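Asks: Single-letter residue listing:
There are 2 protein chains.
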Amino acid sequence: MEKIKGGVTAAKGFKAAATAAGIKYTDRTDMAMIYSIVPCQAAGTFTTNIVKAAPVKWDQKIVKESRAAQAVIVNAGIANACTGEEGMAYCSQTAKKAAELLNVSEDAVLVASTGVIGKQLPMDKICAGITAMAPQLTDTYEAGHAAALAIMTTDTHEKEVAVTFEAGTKTVTIGGMCKGSGMIHPNMCTMLSFITTDAAISKELLQEALSEDIKDTYNMISVDGDTSTNDTVLLLANGEAKNPKITEKNADYEAFVKALNYVNTTLAKQMAGDGEGATALFEVKVIGAESKEQAKVLSKSVITSSLTKAAIYGHDANWGRILCAMGYSGAVFDPEKVDLYFESKAGKMQIIKDGVALDYSEEEATKILSEPEVTAVADVKMGDATATAWGCDLTYDYIKINADYRS
Amino acid sequence: MEKIKGGVTAAKGFKAAATAAGIKYTDRTDMAMIYSIVPCQAAGTFTTNIVKAAPVKWDQKIVKESRAAQAVIVNAGIANACTGEEGMAYCSQTAKKAAELLNVSEDAVLVASTGVIGKQLPMDKICAGITAMAPQLTDTYEAGHAAALAIMTTDTHEKEVAVTFEAGTKTVTIGGMCKGSGMIHPNMCTMLSFITTDAAISKELLQEALSEDIKDTYNMISVDGDTSTNDTVLLLANGEAKNPKITEKNADYEAFVKALNYVNTTLAKQMAGDGEGATALFEVKVIGAESKEQAKVLSKSVITSSLTKAAIYGHDANWGRILCAMGYSGAVFDPEKVDLYFESKAGKMQIIKDGVALDYSEEEATKILSEPEVTAVADVKMGDATATAWGCDLTYDYIKINADYRS
Numbered sequence: 001m002e003k004i005k006g007g008v009t010a011a012k013g014f015k016a017a018a019t020a021a022g023i024k025y026t027d028r029t030d031m032a033m034i035y036s037i038v039p040c041q042a043a044g045t046f047t048t049n050i051v052k053a054a055p056v057k058w059d060q061k062i063v064k065e066s067r068a069a070q071a072v073i074v075n076a077g078i079a080n081a082c083t084g085e086e087g088m089a090y091c092s093q094t095a096k097k098a099a100e101l102l103n104v105s106e107d108a109v110l111v112a113s114t115g116v117i118g119k120q121l122p123m124d125k126i127c128a129g130i131t132a133m134a135p136q137l138t139d140t141y142e143a144g145h146a147a148a149l150a151i152m153t154t155d156t157h158e159k160e161v162a163v164t165f166e167a168g169t170k171t172v173t174i175g176g177m178c179k180g181s182g183m184i185h186p187n188m189c190t191m192l193s194f195i196t197t198d199a200a201i202s203k204e205l206l207q208e209a210l211s212e213d214i215k216d217t218y219n220m221i222s223v224d225g226d227t228s229t230n231d232t233v234l235l236l237a238n239g240e241a242k243n244p245k246i247t248e249k250n251a252d253y254e255a256f257v258k259a260l261n262y263v264n265t266t267l268a269k270q271m272a273g274d275g276e277g278a279t280a281l282f283e284v285k286v287i288g289a290e291s292k293e294q295a296k297v298l299s300k301s302v303i304t305s306s307l308t309k310a311a312i313y314g315h316d317a318n319w320g321r322i323l324c325a326m327g328y329s330g331a332v333f334d335p336e337k338v339d340l341y342f343e344s345k346a347g348k349m350q351i352i353k354d355g356v357a358l359d360y361s362e363e364e365a366t367k368i369l370s371e372p373e374v375t376a377v378a379d380v381k382m383g384d385a386t387a388t389a390w391g392c393d394l395t396y397d398y399i400k401i402n403a404d405y406r407s
Numbered sequence: 001m002e003k004i005k006g007g008v009t010a011a012k013g014f015k016a017a018a019t020a021a022g023i024k025y026t027d028r029t030d031m032a033m034i035y036s037i038v039p040c041q042a043a044g045t046f047t048t049n050i051v052k053a054a055p056v057k058w059d060q061k062i063v064k065e066s067r068a069a070q071a072v073i074v075n076a077g078i079a080n081a082c083t084g085e086e087g088m089a090y091c092s093q094t095a096k097k098a099a100e101l102l103n104v105s106e107d108a109v110l111v112a113s114t115g116v117i118g119k120q121l122p123m124d125k126i127c128a129g130i131t132a133m134a135p136q137l138t139d140t141y142e143a144g145h146a147a148a149l150a151i152m153t154t155d156t157h158e159k160e161v162a163v164t165f166e167a168g169t170k171t172v173t174i175g176g177m178c179k180g181s182g183m184i185h186p187n188m189c190t191m192l193s194f195i196t197t198d199a200a201i202s203k204e205l206l207q208e209a210l211s212e213d214i215k216d217t218y219n220m221i222s223v224d225g226d227t228s229t230n231d232t233v234l235l236l237a238n239g240e241a242k243n244p245k246i247t248e249k250n251a252d253y254e255a256f257v258k259a260l261n262y263v264n265t266t267l268a269k270q271m272a273g274d275g276e277g278a279t280a281l282f283e284v285k286v287i288g289a290e291s292k293e294q295a296k297v298l299s300k301s302v303i304t305s306s307l308t309k310a311a312i313y314g315h316d317a318n319w320g321r322i323l324c325a326m327g328y329s330g331a332v333f334d335p336e337k338v339d340l341y342f343e344s345k346a347g348k349m350q351i352i353k354d355g356v357a358l359d360y361s362e363e364e365a366t367k368i369l370s371e372p373e374v375t376a377v378a379d380v381k382m383g384d385a386t387a388t389a390w391g392c393d394l395t396y397d398y399i400k401i402n403a404d405y406r407s
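As they're listed, the protein sequences go chains A and B.
Read left to right, the first sequence gives residues 1 to 407 (full-length UniProt numbering).
Read left to right, the second sequence gives residues 1 to 407 (full-length UniProt numbering).
Think of the hints as simulated: they come from the structure by calculation, not from any bench.
There's no promise every hint is true.
Stated by the list, open to error - With a straight-line cut-off of 20 Å between C-alpha atoms, the simulated EDC-like cross-links for lysine to aspartate or glutamate are:
id: 1; chain 1: A; residue 1: K337; chain 2: B; residue 2: E85
id: 2; chain 1: B; residue 1: K96; chain 2: B; residue 2: E65
id: 3; chain 1: A; residue 1: K57; chain 2: B; residue 2: D334
id: 4; chain 1: A; residue 1: K57; chain 2: B; residue 2: D354
id: 5; chain 1: A; residue 1: K337; chain 2: B; residue 2: E290
id: 6; chain 1: B; residue 1: K119; chain 2: A; residue 2: E86
id: 7; chain 1: B; residue 1: K353; chain 2: A; residue 2: D334
id: 8; chain 1: A; residue 1: K353; chain 2: B; residue 2: E86
Treat the numbers as computed from the prediction; the structure is a model and nothing was measured.
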């Protein structure tokens, strides 16, 4: 597997475009389009929130029922959530407009929205945006990059990644882009992520690979514990790599799964590190667990703890809050056996041994915690299972961004 | 039932004292003592966190095994949590010292601590504090008030309440004090609360009344979603009201339960409203629910949502976040049937009807949300059950307090 420069246009046969439709933002692009030159197998995973945005409902139907997907239309600024029948009608109108211009069927068009809940989309602007983007579609790196920029809301930077791997004699590419960065507590995921690949693979295995992988990637990040109404991961495979079609769990499938995991992990970590107001990516590894499920519950509880997140912002080695968050997670362990370490580019040090603090240097600990990426490792000494979760610190800017997001 | 001025010394036969022991704070009192002139029936409820502080373990044993409790020793500044066997030994030493000075048995002394996790108590200061307080014990209002001040940590004001009710021909009093104000997500409760009553009541009914009542009071508040290692509610009944002893669920028991609920609700709301950094008490009522459990899950999910709490701080009628938080709560309902109202001293207005926003005035909504106590009422139109949860807004000061709490 090799990491390459690129995003959603890295895989063969995928094009993208972006435009400034003026939906909410007036000084930037806010719509993106992804298009495959041939029909794709589509897989998707969606929010578990009972309040599902209209585009989520639309895409769930397309992924389940449509034989092939070929385009994705995304807008930032308005989420099209809690918008009733009118919101559903707008998904259909969006797909219809794109279908006309791209000469594909309406049920080959996926849609995604992110932004304020409860407002209706300005359909004239959406349609004008689609009309502007369709003739601009290209397969360049720049087009994919422009799309990654256009889907941002409170994100501070675009998020994209691409890798290649070999399947048979062919090189297969997987690329993707995503956006955060608030209401991030995936379950499924809590954000928008779009992955494209030129792999030839059956729809069943494509969905299985995605459904399994999100459990270790997007579902292991949290910015604020709020599971969004719009969470969507879409994975499109168009077969343009011309590899022997993956229809069983052979070595090619394993290579595909591994590459997909790299893409999703990279995007998930980018999202966590760019959480609203965040100054640091906070990684929590639980090792020595009895089961993977136990390790996941423990690690997610820590990255979700407001008190722990505030301590990370203060570069404060407040390990008591980490043990406390593990303690209320619901997972069973013996607090008096836990070892805890802090780790970053500045070094690694043990803080707790068997549940009690060592005589460590606070100064040294603060130095380790002052890096932009910090890791806490908790060893619960019960078995061999491990899990990693990613979050961010809780800062003044999170409050600033969210105290008056709508204005 | 009548509300009266007072706290833990309001009920007959209870005395209190406070002192500045210099455990962590140098400019204020930080230890309190409660004492009953006669042995009490004791009931208690404690944190569900697996990581339990030493005083929690100590009190659980006393409440379960001891025939009578007569004193409570509380300190602020150090939580005596994650302190291993040394921490347990300190509970025993504290009880022993108090027992000697008060002439009671060691297993009649309850202890409670709040503050930093992982540090050992300075036993010389604790013992000096007990020695200073014992001769100061009095049953005045001022003594109870001094105790309520001494147990504060990041609280901005003391919290106490007292009521009387009639049982037979006798007047029974229940009074209490508590402290918050971070790591507050009770389950059991997440704080310290001490309730004293002169009611004559059996130990079994005392515990049952408390265990039932916390589900609707302390367990319905949240400041930050973090369930503390030290949460403790203690309820002491000394029988000094000389009422006919309550040994069955008769009218006197109902009156006791009602008064206890008032005391606990008042203290719980005071804690929520004085959450770390809070500028407003945020009350969420769910009505029209299928079951009380459903209403509780929905209302707690909303008061726990960081995004909703930040919006309340911004006086922003961001109802989408409320619906979103209900949606990921795990409770099943139809989002397209929900009505939502905002209410405060400044007025009441409907924001959503059947899941879709009404054409309400943002200006008017902001006015309603600018009060120090604001309520959101969500009607899910499924039945007759209701529940109320209490939280607070999420502010810059929460971050400030918690980014470097230990220094």
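Asks: Would the pair B:K353 and A:D334 pass a check requiring their Cα atoms to be no farther apart than 20 Å?
Replies: 49 Å, violated
Asks: Given the hint that A:K57 pairs with B:D354, does the C-alpha gap stay at or below 20 Å?
Replies: OK: A:K57 and B:D354 at ~18 Å, within 20 Å.
Asks: Starting from A:K57, check that the Cα of B:D334 is at most 20 Å away, please.
Replies: OK: A:K57 and B:D334 at ~15 Å, within 20 Å.
Asks: Assess, step by step, whether the Cα of B:K96 is no farther than 20 Å from the Cα of B:E65, and give holds or violated.
Replies: Given that 20 Å is the threshold and the Cα spacing comes to 17 Å, the pair holds.
Asks: Measure nothing beyond the straight line between the CA atoms of A:K337 and B:E85; if it is 20 Å or shorter, mark the hint as holding.
Replies: Judged against 20 Å, a Cα distance of about 13 Å means the pair holds.
Asks: Sort out whether B:E86 lies within 20 Å of A:K353, counting only the CA atoms.
Replies: 15 Å, holds
Asks: Tell me if the straight-line CA distance from A:K337 to B:E290 falls inside 20 Å.
Replies: Distance ~43 Å between A:K337 and B:E290 Cα, so the pair is violated.
Asks: Check whether the Cα positions of B:K119 and A:E86 lie no farther apart than 20 Å.
Replies: Violated: B:K119 and A:E86 sit about 58 Å apart, past 20 Å.
In summary, the structure is inconsistent with hints 5, 6, 7 from the numbered list given earlier, while agreeing with the others.
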